[in-house]
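There are 2 protein chains.
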Amino acid sequence: MDDRIKEHAEIIADWSTEMEKDDNVLVMAHPQAEELVIALYEEIGERGAHPTTLFSSSEVSRAYLKNFNGEFKTPEHILSLFENSDVVISIKSDVNEKAMNDVPGQLLAEYSKVRKPISDMVQDKKTCLTAFPTNAAAQLADMSLRSYQDFVWNAVLRDWQEVHDKQEILKKKMDEAEEVYITGKETELTMSIKGNLGENSDGKFNLPSGEVFTAPIPDSVEGEILFDKPLIYMGREINNVRLRFEKGEVVKHSADTNEQLLSQILQADEGANKLGELGIGTNRGIKIFTRNMLFDEKMGDTIHLALGKAIKRTIGENGAGNDSAIHMDIIKDMSQGRLEMDGETVMENGKFIWEM
Amino acid sequence: MDDRIKEHAEIIADWSTEMEKDDNVLVMAHPQAEELVIALYEEIGERGAHPTTLFSSSEVSRAYLKNFNGEFKTPEHILSLFENSDVVISIKSDVNEKAMNDVPGQLLAEYSKVRKPISDMVQDKKTCLTAFPTNAAAQLADMSLRSYQDFVWNAVLRDWQEVHDKQEILKKKMDEAEEVYITGKETELTMSIKGNLGENSDGKFNLPSGEVFTAPIPDSVEGEILFDKPLIYMGREINNVRLRFEKGEVVKHSADTNEQLLSQILQADEGANKLGELGIGTNRGIKIFTRNMLFDEKMGDTIHLALGKAIKRTIGENGAGNDSAIHMDIIKDMSQGRLEMDGETVMENGKFIWEM
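Those protein sequences? They're chains P and W, same order as listed. Counting in the numbering used here, the first sequence runs from 3 upward without gaps. Counting in the numbering used here, the second sequence runs from 3 upward without gaps.
To be clear, the hints were calculated from the coordinates, so they are not data collected in a lab. Check each hint, because a few of them may be wrong.
One copy or two, either will do: identical chains are not told apart, so a pair holds if it fits within one copy or between any two.
[Claimed, not checked] Mimicking SDA-like on lysine to any residue, the simulated pairs with C-alpha atoms at most 20 Å apart in a straight line are:
{"id": "1", "residue 1": "Lys8", "residue 2": "Asn71"}
{"id": "2", "residue 1": "Lys168", "residue 2": "Glu357"}
{"id": "3", "residue 1": "Lys68", "residue 2": "Asp24"}
{"id": "4", "residue 1": "Lys173", "residue 2": "Trp356"}
{"id": "5", "residue 1": "Lys249", "residue 2": "Leu268"}
{"id": "6", "residue 1": "Lys127", "residue 2": "Glu78"}
{"id": "7", "residue 1": "Lys68", "residue 2": "Glu48"}
{"id": "8", "residue 1": "Lys75", "residue 2": "Glu85"}
{"id": "9", "residue 1": "Lys127", "residue 2": "Leu81"}
{"id": "10", "residue 1": "Lys175", "residue 2": "Ile313"}
{"id": "11", "residue 1": "Lys353", "residue 2": "Thr185"}
{"id": "12", "residue 1": "Lys75", "residue 2": "Val105"}
{"id": "13", "residue 1": "Lys289", "residue 2": "Glu357"}
{"id": "14", "residue 1": "Lys128", "residue 2": "Glu20"}
{"id": "15", "residue 1": "Lys127", "residue 2": "Ser82"}
{"id": "16", "residue 1": "Lys75", "residue 2": "Thr54"}
{"id": "17", "residue 1": "Lys118", "residue 2": "Asn86"}
{"id": "18", "residue 1": "Lys174", "residue 2": "Leu199"}
{"id": "19", "residue 1": "Lys23", "residue 2": "Glu73"}
{"id": "20", "residue 1": "Lys23", "residue 2": "Glu78"}
{"id": "21", "residue 1": "Lys206", "residue 2": "Glu22"}
{"id": "22", "residue 1": "Lys314", "residue 2": "Leu199"}
{"id": "23", "residue 1": "Lys249", "residue 2": "Glu190"}
{"id": "24", "residue 1": "Lys353", "residue 2": "Gln338"}
{"id": "25", "residue 1": "Lys68", "residue 2": "Arg49"}
Chain P extracted, bound-state conformation (with noise of 0.2 Å):
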C-alpha cells in the first residue's frame, strides 16, 4: 500500500474526525476506493471504533433514478443509519464522473429535496469530506492518474494545525464584520453577513481544505456578479454563471452552457435561490482547476458563494442563515478583483491582507 494512503487514513481519524472508542462510523465510498477504506478500517479497529461502509456508485444511483416509477421519500432505513453514526467519512472515488449526465435535472432535485433530513443531520457528526484519486478524476482534470496521485495527496497530507492558525486572522475578521463588498469583473454584489460566524475550514470537515466561510444574511444580497469558474453540478458543466440578486433573491440569471439545469435548480425549493454561503480559498497548494469542488473551491486567489442551505455552524446567535435541500457552490477568480469588509481591503487582486 502507498504510504501517503495509511497518512491520508491516520489524518482522518485523528485530526478531521477525532474519532474515539466506540464510535458507530459510517463511511460512504465507491469500491475504487478500496485501499482507503482498508486503511481507515485498520485505524478503526486499532481505536475500537465499528465501522460500516456504503456502496456509492453514481452507475448504480443513476440505474435507479432513470427507471423510478413511485413518490420519492426519505427512507427510513438510510435515515437510522445516519442518526446512529458518531463520525461519518465520505470519500469521492467513482468511476466515471459523468454517469448521472443523462438523469434529469428536476428529478435530480426532487431526489435532492427528500435526502435533506440526511445532510441536515451529517452537519452534526464528526465528518470528512475527501477524495481518493481515481483515474475518472484524474480525466476530468485532464491529467494522468500518476499526476493526480500526487496533486491530491499533496493537496491533503498537511500540517492542518499551521493552515488553522494562519486562516484564523480571516476567520476573526469574518465574525467582526458587518458588511461585504466584492467588485471585480462584470461584478458589483454587497451583503450583510452581521451576527454570523467566520468558520476556519482547516481539514476537519474538508479534506483538503483551506478556506474561510460564513453564511450571509439571506435577504440582504444585494447587485450582481460573474462566476468565471465552472460549475459542476452531478457531472455536467454550467459556464459563466452569472447572478443578479434582490433583497437576497436571484431575480436575473444566466448561463453559457446547461442554462436550464441552472433554471431548474434555482426552482428546486423556495431557498434554491438565495445564498447559503460565501468563502474564500487560500490554499496555495492547489494550483491547477480540477473540476473537482473540493479542490477548486480551496484555491488561493478564488472566492465562493454557495446557493441553497448555510451551512449550520456559521449561523451566529444574533445572525440568521438560508434552508434549502440543496447547496452548491460557484467559483469566482480574484486575480481581478476586491473584497471589502466593512470598507476594509482583505483581498485584492489575489493577495490576502497578510500578503500585500
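Position chain W relative to chain P; hints supplied.
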C-alpha cells in the same frame, strides 16, 4: 449487460423478495457484483421502492478485525439500518474467498456473537441470499469464469414454482414425521423433529435453492455421523468432520484438517454444539461441488446438518429449535446411505422416494 443478469434481478425482486412500492431495500454486495446491483436498482426503481447498498468486502473486514483493539458490540447504526429495512438482499461476490484466512477463529466467533441480533432480524425480513459469479468463486470451484457463470445462472434461472410444487411432497412428510434415522458410511444418527415444520426452500430466501429442511429437537440427537464433503468456514476448509452426539450435544468431534478451528466454533456459545437444521438437497441441476455452501447444500444426493441456530420458520408451535450466534452447515454425501422418517425410507442411495 448479460441478459441473465437482468433476469437474475427480476427473480430476486418478483419471486424471492416480492418487492413492493415503498419498501426500504437493503442490498449487501462486493462491488464486483456492480452489474447485478445496477440491474437490481432498475427493478427497485420501477417498483417505487427505496434502496441502499452496503459494501461487503472480506479484505476490508479483515483489516478491521486484525487491528481491533476494544470490545466488540452490536453497533446501533448497523442494527437500526436493518431494523428499518423491509427487504434485505445479500449478494456473495467477494474478490478473494481466502481473505479472512489469517484472522483467528476465536476473534471471528466473538465477532459473530455480537452480530447475532442483526442476523436474527434478517430472518423476519423479505430476504434473499444470492451470488454473483466472480473469478474468486470460479477459482475456488476449479473453473474458468465463463464456465462458472454458466454454472451459477443455470442454477439460479429456473422455474421456481415448479421446484416448489415438487418439493412440497417432502415438506409435508417433514411436517408430519416425528423420528428421523440416518445411516451411511460411518454414520448412524437419530433425532426427533416432532412438532417442527418442513421448509420448502424454493428460491425465496436462498437463490439458487432446491432443498427442504427442518429443525431437529435440540436435545434429541443421538449417534454419530461422518460429513464427507468439506465444511468451508470463513474461507477455511475443514475436511471429514466426524461428530458424536449424546442428548443433542456434540460430545466428541474430529476433522482431518483445521480440527482446532472446528473446536473453537463448537465452543462459540451454548448452542454452538447442538444442531439447528436438517436439510435435504433436491437440486439435480447442481452436479458439481464448488466449495460454496449456497450451491453445495442444494446438491440432489446430499443432506446437510447445521450446528447452531435453527431457522425460526421451521420451529413449530409445539416444536423446539436451537439458538446460537452461529449457523454452520456441513454436508454429507448420501449416494451411499439412507434417510428414514418414522420408519419410511424417503431417500436411499441418492434417490428420492418419488424416484425409486
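Are the CA atoms of Lys75 and Glu85 at most 20 Å apart within a copy, between copies, both, or neither?
-> Answer is both; intra-copy 17 Å and inter-copy 18 Å each pass.
At 20 Å max between alpha carbons, let me know whether Lys168 reaches Glu357 within a copy, between copies, both or neither.
-> Answer is within: at 12 Å inside a copy they meet the 20 Å cutoff, but 82 Å across does not.
Quick one: Lys127 to Glu78, C-alpha cut-off 20 Å, is that within a copy, between copies, both, or neither?
-> both (18 Å within a copy, 15 Å between copies)
Under a CA distance limit of 20 Å, which applies to Lys68 and Asp24: within one copy, between copies, both, or neither?
-> between (39 Å within a copy, 17 Å between copies)
Between Lys175 and Ile313, at a C-alpha cutoff of 20 Å, which is it: within one copy, between copies, both, or neither?
-> within (18 Å within a copy, 64 Å between copies)
Go through the copies and call it for Lys75 and Thr54: within, between, both or neither, with a Cα cutoff of 20 Å.
-> Between. Shortest inter-copy distance 13 Å satisfies the 20 Å Cα cut-off; intra-copy 23 Å does not.
Go through the copies and call it for Lys249 and Leu268: within, between, both or neither, with a Cα cutoff of 20 Å.
-> within (16 Å within a copy, 72 Å between copies)
Same-copy or cross-copy closeness of Lys127 to Ser82 [CA-CA at most 20 Å] = both (14 Å within a copy, 17 Å between copies)
Between copies, within a copy, both or neither: which fits Lys23 and Glu78 at Cα up to 20 Å?
-> Intra 27 Å, inter 14 Å, cutoff 20 Å: inter-copy only.
From the Cα coordinates, with 20 Å as the cut-off, is the pair Lys249 and Glu190 best called within, between, both, or neither?
-> Intra 15 Å, inter 87 Å, cutoff 20 Å: intra-copy only.
Given a CA cutoff of 20 Å, do Lys8 and Asn71 count as a within-copy pair, a between-copy pair, both, or neither?
-> Classified as between: cross-chain Cα gap 18 Å, same-chain 43 Å, threshold 20 Å.
When no copy is named, should Lys174 and Leu199 be tagged within, between, both, or neither for a Cα gap of at most 20 Å?
-> This pair counts as within: shortest intra-copy Cα distance 9 Å, inter-copy 71 Å.
Every hint, counting from the list given before, is met by this structure.
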